[in-house]
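There are 2 protein chains.
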Amino acid sequence: MTKPSISKGTRDFLPEDVAKREYVFGTIKNVFKKYAFQPIETPSIEKLSTLTGKYGDEGDQLMFKVLSRGEKFKKAVNEIKSVDSISESLFSEEALRYDLTVPFARYIVQHQNELTFPFKRFQIQPVWRADRPQKGRYREFFQCDADVVGSNSLLFEVELIQIISEVLNELKLDDFVIQINNRKILAAIVQISGEEKNFTLITTIIDKLDKIGPEKVIAELQNSQIGYKCVKLFNEIFDLSASNSSLIDWLELNLKDSEIGQNGIKEVKSIFNYLKHLNLSSNCKLNLTLARGLNYYTGSIIEVKLKDSNIGSIVGGGRYDELTSIFGLKDVSGVGISFGADRICDVLNERNLFPASVSSNVDLLLVTLDDADVNALKLASYFRENNVSTTVYPSGAKLKKQIKYANLNNIPYVVFLSKESSMEGDLELKNMHTGEQTFMNKKEILKKIQN
Amino acid sequence: MTKPSISKGTRDFLPEDVAKREYVFGTIKNVFKKYAFQPIETPSIEKLSTLTGKYGDEGDQLMFKVLSRGEKFKKAVNEIKSVDSISESLFSEEALRYDLTVPFARYIVQHQNELTFPFKRFQIQPVWRADRPQKGRYREFFQCDADVVGSNSLLFEVELIQIISEVLNELKLDDFVIQINNRKILAAIVQISGEEKNFTLITTIIDKLDKIGPEKVIAELQNSQIGYKCVKLFNEIFDLSASNSSLIDWLELNLKDSEIGQNGIKEVKSIFNYLKHLNLSSNCKLNLTLARGLNYYTGSIIEVKLKDSNIGSIVGGGRYDELTSIFGLKDVSGVGISFGADRICDVLNERNLFPASVSSNVDLLLVTLDDADVNALKLASYFRENNVSTTVYPSGAKLKKQIKYANLNNIPYVVFLSKESSMEGDLELKNMHTGEQTFMNKKEILKKIQN
Chain A
5 MTKPSISKGT RDFLPEDVAK REYVFGTIKN VFKKYAFQPI ETPSIEKLST LTGKYGDEGD
65 QLMFKVLSRG EKFKKAVNEI KSVDSISESL FSEEALRYDL TVPFARYIVQ HQNELTFPFK
125 RFQIQPVWRA DRPQKGRYRE FFQCDADVVG SNSLLFEVEL IQIISEVLNE LKLDDFVIQI
185 NNRKILAAIV QISGEEKNFT LITTIIDKLD KIGPEKVIAE LQNSQIGYKC VKLFNEIFDL
245 SASNSSLIDW LELNLKDSEI GQNGIKEVKS IFNYLKHLNL SSNCKLNLTL ARGLNYYTGS
305 IIEVKLKDSN IGSIVGGGRY DELTSIFGLK DVSGVGISFG ADRICDVLNE RNLFPASVSS
365 NVDLLLVTLD DADVNALKLA SYFRENNVST TVYPSGAKLK KQIKYANLNN IPYVVFLSKE
425 SSMEGDLELK NMHTGEQTFM NKKEILKKIQ N
Chain B
5 MTKPSISKGT RDFLPEDVAK REYVFGTIKN VFKKYAFQPI ETPSIEKLST LTGKYGDEGD
65 QLMFKVLSRG EKFKKAVNEI KSVDSISESL FSEEALRYDL TVPFARYIVQ HQNELTFPFK
125 RFQIQPVWRA DRPQKGRYRE FFQCDADVVG SNSLLFEVEL IQIISEVLNE LKLDDFVIQI
185 NNRKILAAIV QISGEEKNFT LITTIIDKLD KIGPEKVIAE LQNSQIGYKC VKLFNEIFDL
245 SASNSSLIDW LELNLKDSEI GQNGIKEVKS IFNYLKHLNL SSNCKLNLTL ARGLNYYTGS
305 IIEVKLKDSN IGSIVGGGRY DELTSIFGLK DVSGVGISFG ADRICDVLNE RNLFPASVSS
365 NVDLLLVTLD DADVNALKLA SYFRENNVST TVYPSGAKLK KQIKYANLNN IPYVVFLSKE
425 SSMEGDLELK NMHTGEQTFM NKKEILKKIQ N
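The listed protein sequences derive, respectively, from chains A and B. According to the numbering used here, the first sequence is numbered sequentially starting from 5. According to the numbering used here, the second sequence is numbered sequentially starting from 5.
The shape of chain A in the complex, shown without the other chains:
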């Protein structure tokens, strides 16, 4: 018998892990709720026709596809003309959710008559990508998304940035930097240098700046036959000093003849003006080289990193004007963010930032010197009715073993029971942290534990 194991890139979670994850998810969810975002859920399995082509070629390759079953499988086999003609798509009509945004766009279109706009939703569910596993990257991981659709007000960009700040402050990740850019600015730079047809290629290359540095980015732009003017503009941007106002000055000078550029500048300025009044500017930074991989963004783009960590982006997002039009519904602007909860958990672990209270789940163990009987169960019921998480050691195992059980499970209180114990009289209570042992009745014990 070989030892069982799990699939590459997936994880089992022990009770302590789950408690930690719930702390992170709970923090994010509470903030979403305060900002009046409402929960929705979509299926794990979507039709391939919904997902294919929405994430680029790489996305299509990394998608977990579901194998057709039974008659459908047989039909596919019968359609085979030669072995060379066999492709993955022959055997699959469904795939696992790759992100929460595309299913959300599908959801908006399908349920448009049941929703009121602007619709603010949040969604906390797992997604699956067959990426090569590495630090902070898993094949099954949770996204925590908040989006507003049906309004082009920049107010919602601001609300989402408020949410990011509030969550990361609550989690004590105070070295966060919210980088902000606008796709309209990137579009304008590409447009005025006559490279509109290469927009996607250029943003893909620019996106590598953090990984490979400015020189290699410039070299790659040149190698990809991007014209001199465009390369020169990006070269200038890389050389600009970091202050927001110097970046804005440069933009106003260089994009003065581009209408889309002017719109982008106006949006960025307006957002930073809001942030200043809400005292949020200190963690926010305009970053003209931020491009973000996903092509559906059309306006603001947002990416959050931690200064003192190499875990990569922990929140990302942006505005998309055309996402629902791929499903037939036009003119619905949306803006959203996505927290990478798994990476956030990893950082909190590394930095030891989980509150101590997160790890203890059970309050009380009833130690049974003889086998547990109905009296032990009744006493347990008394504590449970009063919301004390209680467990009964089932058989009269050695005292040492039962005490060890309490210690290994971080149980703070123990009550000793034997056949002679009167459930209405005094019982012996042990505080496992201090070692203190006292006799008291069940009401007094309850009071002690509840304090």
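Do not take every clue at face value.
Where chains are identical, the list cannot tell them apart; a pair therefore holds if satisfied intra-copy or between any two copies.
[Unchecked claim] Once the Cα atoms are required to be at most 25 Å apart in a straight line, the calculated PhoX-like pairs of lysine-lysine come out as:
#: 1; residue 1: K382; residue 2: K37
#: 2; residue 1: K7; residue 2: K51
#: 3; residue 1: K280; residue 2: K382
#: 4; residue 1: K51; residue 2: K78
#: 5; residue 1: K215; residue 2: K139
#: 6; residue 1: K24; residue 2: K37
#: 7; residue 1: K452; residue 2: K404
#: 8; residue 1: K76; residue 2: K51
Derived from the structure by calculation, the hints contain no laboratory data.
Fit chain B to the supplied structure of chain A, relying on the hints for placement.
Just chain B, lined up with the frame of chain A:
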């Protein structure tokens, strides 16, 4: 463009649906926690070698298998010798979780050195089965499982029955009946009639009693060449009066020569004795025809139905002595239950049993007679900091439209803002339920909403 749609047997959940589901999951989870069960999670995707053969042929067919990708897919194609030799297993090494029990057994074996036994765990996660969708049956649905492993104490059967009662009482599903049987009793009946080799076949037929009635069950047993003695015993059982004591009398008479039968009777009597002392017997019933489809059960079996509903089983479970031995770890007895949370949600919906508080998520809408500005955001922050779920209408749309927005979203309070409003002075508040409109400052508004 075709209208987008979702995969057969899957569901989208609107905010109200999610709130209702959270009410059910939350109720179950709180009870699990009071009984000191600890949360774990396992991956959605497991190796096929872990899952195959654990759920019978039907299970293997209904499993959602993951299509191999990239090189693995190409390798599989290269191995094809003739079209006739192509089977589903050629293209798949992984599948979606089919239940929570087998992954849990795998987890126990893999993490045995990190756990302390008896280990009480709960797990609330989705599972996938490509069943034909019908009322109360979905292809993606949640199971809420609680199991104890590493102890053969019947105390845990009793705790699980306590949990079932407590959850269903809290959900006000008071017509529940907890049916209890023991596989040892079924084994004894089969054994004394010399049909040991047909045990699985017989339990599968007996399991249909509710659906097809006693006469057809008897006929099917006879058609399957089950011997006279066995058929006669089951015929007698079908004719027995319903009281627990008459069933026990019959068992003691008929199984007196079977050691395994005596053990089964002893266990059942012991459990019912506990239940009597805990005042739980009135909802519990011994049912000698209860067999349960899953073959890993070896002792107690439990199934819960509602008297006044045809939704089928809403909780099921039992004891298994050999589950971890399929993964190489022997002598670890376990017992567990699984709540069918989706069916429970369906029944609560049908019976209108969700509390009214479940459907309202947002407390306050700031109506903006002019476009929302930074003052509106600051006022929203004030309420959010005080845990009032607040949303701002972004643009100065018509008053009627904004009021309608509040109504459609069940928002109970509205504050009217214009360019002239002083956030520190009196503001107009409307109670959307009573229609009452009053002027008060933000502190007074906060107090009013919090009450």
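When the structure is checked against the list of hints, which entries are broken? Sort them ascending. Structure breaks no hint.
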